[in-house]
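Trainee: Keeping their order, the protein sequence lines are chains A and B. Here the first sequence stands for residues -5 to 249, numbered as in the numbering used here. Here the second sequence stands for residues -5 to 249, numbered as in the numbering used here.
The hints are simulated quantities; they were obtained by calculation from the structure and are not laboratory data. All of these numbers come straight from a predicted model, not from anything done at the bench. Just so you know, not all the hints are guaranteed correct.
As the list makes no split between identical chains, a pair holds if one copy fits it or if it spans any two.
As the list claims (entries may be wrong) - Calculated pairs, DSS-like style, for lysine-lysine (alpha carbon to alpha carbon, straight line, at most 30 angstroms):
| hint | residue 1 | residue 2 |
| --- | --- | --- |
| 1 | 58 | 127 |
| 2 | 111 | 192 |
| 3 | 206 | 127 |
| 4 | 58 | 206 |
| 5 | 127 | 111 |
| 6 | 192 | 36 |
2 protein chains.
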Amino acid sequence: MANSAPTAAVLLIGDELLSGRTRDINLSQIATFLAPLGIPVKECRTVSDEQADIIEAVNALRAKYTYVFTTGGIGPTHDDITADAIAAAFGVGIGEHDEALAILTERYAASGIEFTKARRRMARVPEGASLVKNPVSGAPGFQTGNVFTLAGVPSVARVMLEDIGHRLESGAVVHSVSVRGRGAMEGALADLLGALAKEQPDVSFGSYPWFKSRDDHGVTLVARGTDREDIERAALAMEGVLEQTGIAAERLDGA
Amino acid sequence: MANSAPTAAVLLIGDELLSGRTRDINLSQIATFLAPLGIPVKECRTVSDEQADIIEAVNALRAKYTYVFTTGGIGPTHDDITADAIAAAFGVGIGEHDEALAILTERYAASGIEFTKARRRMARVPEGASLVKNPVSGAPGFQTGNVFTLAGVPSVARVMLEDIGHRLESGAVVHSVSVRGRGAMEGALADLLGALAKEQPDVSFGSYPWFKSRDDHGVTLVARGTDREDIERAALAMEGVLEQTGIAAERLDGA
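Take these sequences, add in the hints, and give me the full structure.
Mentor: Shown next, in the form of C-alpha cells:
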C-alpha cells in the first residue's frame, strides 16, 4: 500500500565534508535512488564527527520525516562513532550483532586478512537494529527504526541502498523535465515563467541559472509533478517561454 | 581583535540540490574561503525553496553559530524567495534598497537590457540589511545581522565572499595535513591511529577510506590543529602508521 506522502532526510556525517576537502556525492545518489519510489528528499544536514551533533540531528530529522539516511562514520577507526551516536539518539544500548559478526568473521577468514579488534568494532550496532547488506566490503549498515545508516564511501553506500528499497513504502512518483536555454537570462523570462507557475499550480517550476563565463551561461527551467501529462504540457510551455524571449530551447530529459 | 572561537554554518537553498539534479559546490568553496580566517564550518543544511523551511533553518543556525552563509534563491524568478524568508526569519520588513536599485538601474542601462519589474525584485532586501557586492552580475547579496545571503551560482557566490571577509572576526587558523596510503586498509591501521590520537589530544585525526575498484582503493589520513608544529609531528606520525602496515605514504598537502 502506498503511503500518501512519504518523505526523506539525509544526514551526512564527517569533518571532511565541512572542511571543504571532500565534496559530497551521497545526497545526490540517495535522492536519485529514492525519486522513482516517490520519496522526495526534503532536507539534508551535514555534521561533524561529534557525538552530540549527530544525536541532535538524528533526533530532529527522524521526528520530522518518514525516513532518514545517514552516511559515514561506520568504519573501524577511532573517529567512527556513528553507531554509538545512533544508539544514544534512540536511547538504546549497543552491542555486537551475531549476524554481523558472522559475516565479518567469514569475510576476513576467506581473504586471509587478520580479523583485528578494530575490525570487530564494525559488528557493533544499536540494540534492535536490523542489518543492511554490504556486498562490496562486508561490513554491514543497519536500520534503527526509520533511520538507515550507510557507509560514507559512495560505492558502498550505493550497494547498501539495494537492500533498503524493498523496506520503504513508496509514494506518488514525481516526474520532472528540464529545458535548457543557452544564453537565456532569468530577468527576461521571469514574468512568463511566473504566469506559467500560476496556470499550472500542480506543477512545481524552478529556474536555475548558470554562469561559467561570458560565453557559457544560461538558464535551465525544470518542472516537477506527479502527473506525466501535466509535465509534458509544462515542458512544451517552458520551451515556449524560452522561444518567446528569442532563445532556442533544448530538452534535457523526458518526463 | 580575534574572536576566540568563531564558527560558521552554511544553508544551501534549492530544490535542485535535494532532487539530486545538481551537486553542490558552495559548501566546499565557503569552507575553503573561511579556513584561513580561522572560522570552521560546523554544520550545513540543505532545504527546499519553501519559506517555512528556510525560516526554520535560518533561525536555528543563526542562534547557534557566529556566522551563517546562505546560497541560492535571490534571482528575479517566482521561486526566488530567500530575501523574503530572511526578512521573515528576523521579523523585519522588506523593501527596495536605494543603493541596490541604483546599482541595478545603472547596470541594465549600461548593458542596454531592459530593467523589468522582475529584475527590480533583486533590489529588495530585508530592512536594515547591508549589501554584499557582486561585480560579476550586479545583483547584490546582503548581510542581515550575522547572516550573509549569497547567490547560488558558484562563480557569483565566490566573488561575494570577497566583500565579506573583512566583516568577519577571525579565529585561530586550523592547519591540516593529509597523507594518502594507496592500498591501505582502515582495519590494519585503526589501533595505531587510535593510539596516535590519544598521544596528541590537541590534534584531530581523521581516517577517510576510498574504494573505487579492487585496484583503486586506500585510506587518506588527515590531521587538523591550530599549532603548526603539532601538525608536522602528526604528519610524520601518520606516515609512520602507514609504513608500519607496509604501505608507502604519500603527503598530499602541507601544514
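Trainee: Out of the numbered hints, which ones does the structure contradict?
Mentor: 4
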